[in-house]
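If you read the sequences in order, they're chains P and E. Heads up, the first sequence is in my numbering, so the first residue is 1 and it goes up one at a time. Heads up, the second sequence is in my numbering, so the first residue is 1 and it goes up one at a time.
Be careful, since some hints might not be right.
[Stated by the list, open to error] As a list, the in silico SDA-like pairs of lysine to any residue whose alpha-carbon atoms are at most 20 Å apart:
#  : chain 1 : residue 1 : chain 2 : residue 2
1  : P       : Lys113    : E       : Gly11
2  : E       : Lys79     : E       : Gly11
3  : P       : Lys70     : E       : Asp24
4  : E       : Lys43     : P       : Gly65
5  : E       : Lys43     : P       : His60
6  : P       : Lys70     : E       : Ser26
7  : E       : Lys43     : P       : Ile62
8  : E       : Lys43     : P       : Lys113
9  : P       : Lys113    : E       : Leu19
10 : P       : Lys113    : E       : Arg8
11 : E       : Lys43     : P       : Met28
12 : E       : Lys43     : P       : Leu53
In short, the hints are calculated from the structure, not lab data.
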Amino acid sequence: MTAIQSPRSGKIAPQYKRSGGSKGNFEMLAWLFMRLSGVVLVVLIFGHLFVNLLVGEGIHAIDFGFVAGKWADPFWQFWDLAMLWLAMLHGTNGVRTIINDYAEKDSTRFWLKVVLYAASAVIVILGTLVIFTFNPCPVVDGVQLPGGFCPAP
Amino acid sequence: MWSWVGHRITGVVIFFFLLVHVLDTSLVRVSPEAYTAVIGAYKNPLMALGETALVAAIIFHAFNGLRVIAVDFWKKGAKYQRQMLWVVLALWLVVFAGFAIRHLSLALGGH
Ligand code: HEM
Numbered sequence: 001m002t003a004i005q006s007p008r009s010g011k012i013a014p015q016y017k018r019s020g021g022s023k024g025n026f027e028m029l030a031w032l033f034m035r036l037s038g039v040v041l042v043v044l045i046f047g048h049l050f051v052n053l054l055v056g057e058g059i060h061a062i063d064f065g066f067v068a069g070k071w072a073d074p075f076w077q078f079w080d081l082a083m084l085w086l087a088m089l090h091g092t093n094g095v096r097t098i099i100n101d102y103a104e105k106d107s108t109r110f111w112l113k114v115v116l117y118a119a120s121a122v123i124v125i126l127g128t129l130v131i132f133t134f135n136p137c138p139v140v141d142g143v144q145l146p147g148g149f150c151p152a153p
Numbered sequence: 001m002w003s004w005v006g007h008r009i010t011g012v013v014i015f016f017f018l019l020v021h022v023l024d025t026s027l028v029r030v031s032p033e034a035y036t037a038v039i040g041a042y043k044n045p046l047m048a049l050g051e052t053a054l055v056a057a058i059i060f061h062a063f064n065g066l067r068v069i070a071v072d073f074w075k076k077g078a079k080y081q082r083q084m085l086w087v088v089l090a091l092w093l094v095v096f097a098g099f100a101i102r103h104l105s106l107a108l109g110g111h
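So here's chain E without its partners, still in its complex pose (with noise of 0.2 Å):
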């Protein structure tokens, strides 16, 4: 139940993100100035902070994704579904963990 909650709510998200993130990409047909310029203004501490908590919410809901489609398509699948949500789980705190480390180092590390 509440990893649908999470599910759902983490879609809508990415989604909204996706919409700006495709506009913002578009600039690069605007003029190369106005790309770098948008995009030097993503690069401060308190964007590293939002891309990486937008990160956090696409791993789990591409983990969580996964385990939807094993618990529909994988025979033993629903019988499994608690264990595998705790595997989601762990899964997503490593490559989240990983992802956040490299990153904030490198965004907030200066240059």
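Isolated chain P (complex conformation) (with noise of 0.2 Å):
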């Protein structure tokens, strides 16, 4: 039984190291985050999936007032923002370790996380803007739209 050790950590094989300076202890933080978000995001998850697609009708009953009913209660706003942010943080740096293992030149391994930083940005903002900016009765220049949850007039 051999232990791993991490062979980008600098201290002990420097030559693997791929950047110059010293990165204080960042990377172990991001080992950390890893663990932490990991354990949290079972729970998270296997719960989304859960009441989702196992409980009742499953599949057949999502559709835009499922959605409704849920982020009405401010428990589901919440879940659904931890998860997507835990999730897309821990995913985020599993693709950047991938990155960095895999990529060998400077410029290819650079642009590849600009590519997964603009990305992930992207995803994270619209997903916690749709969460709270939510509207339940959509209405657009004075007419509802059809199929809101529009209390009886």
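Join these two chains into a complex; the hints should help.
Okay, here's the thing in structure tokens:
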């Protein structure tokens, strides 16, 4: 049984470091974050799948009204927000590690990460705005859109 | 070694799915009809199989991730990593079978 040590931590084999200067404990914090967020994500994601796909009619029940019903409750708003942020940070950091592992050219690595961070930022911001600005009864130019959850006039 | 390859591949697959999944859910902000139309397009047998495969990936990544965490933080983790892999695979089989039976019979069973 051999334990594999982190080859890019710089302490064991400095020749494998992929950046010049010291990054402080950023890599250690990222490592810790992957584990802490992983534990929380198990609960959030299994709960999400159970409630959305396995209870009642399962996938047949999912439509606009289903989402509206969930987000009328701050509990699910918070659940989905936590899941969005943790999964996106966890996934982005994981893909960052993979880019560091396989992209050997400095410029390739740089641009792949630019694309990754841009895509992640867009998704996190969009998702957060959607959760908090969601309107169960949307009205455009004074006209109610069909299919919404509108109070009886 | 193979559990690591599997963990890496499932991680990336889930990540790309998540990007798309946030986009489709964002349609609730466009209009109720847009959301319901796109979700309606998901409700076919091919997508049901896709969802089931994705959930298979998530369950593996989740349980194997907990194993990685146990190897790193539990004193005896490294010693029992092999046995824990069998536990991961057994749990994966049970939870996945439960999910697949329920989800596929709902999704394919008609209404
Ligand atoms: C369900 C709960 C989850 C658990 C318990 C979990 C756990 C872990 C752990 C422990 C690692 C290893 C980190 C390392 O070796 O430093 C990891 C890596 C990773 N995870 Fe997750 N994760 C979960 C969910 C997710 C989700 C939802 C995504 C996608 C958005 C994801 C994407 C990744 C990626 C891309 C990696 C990097 C793989 C690699 O470096 O080989 N994970 N995960």
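Going down the list of hints, with the structure as the test:
1. Between Lys113(P) and Gly11(E), the direct Cα distance comes to roughly 17 Å. Compliance with the 20 Å bound is thereby established for this hinted pair.
2. Only pairs whose Cα atoms come within 20 Å are accepted, and Lys79(E) paired with Gly11(E) is rejected, the gap being roughly 25 Å.
3. A distance of roughly 16 Å separates the Cα atoms of Lys70(P) and Asp24(E); the hinted pair therefore holds under the 20 Å criterion.
4. Taking the CA atoms of Lys43(E) and Gly65(P), the gap is near 16 Å; set against the 20 Å cutoff, the hint holds.
5. Between the alpha carbons of Lys43(E) and His60(P) the distance comes to roughly 8 Å, so the proposed pair stays at or under 20 Å and holds.
6. Proximity of Lys70(P) to Ser26(E) is assessed by CA-CA distance (about 14 Å); at most 20 Å being required, the pair is judged to hold.
7. For the proposed pair Lys43(E) and Ile62(P), the alpha carbon gap of about 10 Å is at most 20 Å, so the pair holds.
8. Annotation: proposed proximity of Lys43(E) to Lys113(P) is violated, straight-line Cα distance about 34 Å (limit 20 Å).
9. Between Lys113(P) and Leu19(E), the direct Cα distance comes to roughly 16 Å. Compliance with the 20 Å bound is thereby established for this hinted pair.
10. Of the supplied pair hints, the one linking Lys113(P) and Arg8(E) holds, its CA atoms being roughly 17 Å apart against a limit of 20 Å.
11. Taken as a hint, the Lys43(E) and Met28(P) pair is broken in the structure, with Cα atoms around 43 Å apart against an allowance of 20 Å.
12. Restraint check for Lys43(E) and Leu53(P): satisfied, since their Cα atoms lie roughly 12 Å apart, inside the 20 Å limit.
Of the numbered hints stated above, those contradicted by the structure are hints 2, 8 and 11, listed in ascending order.
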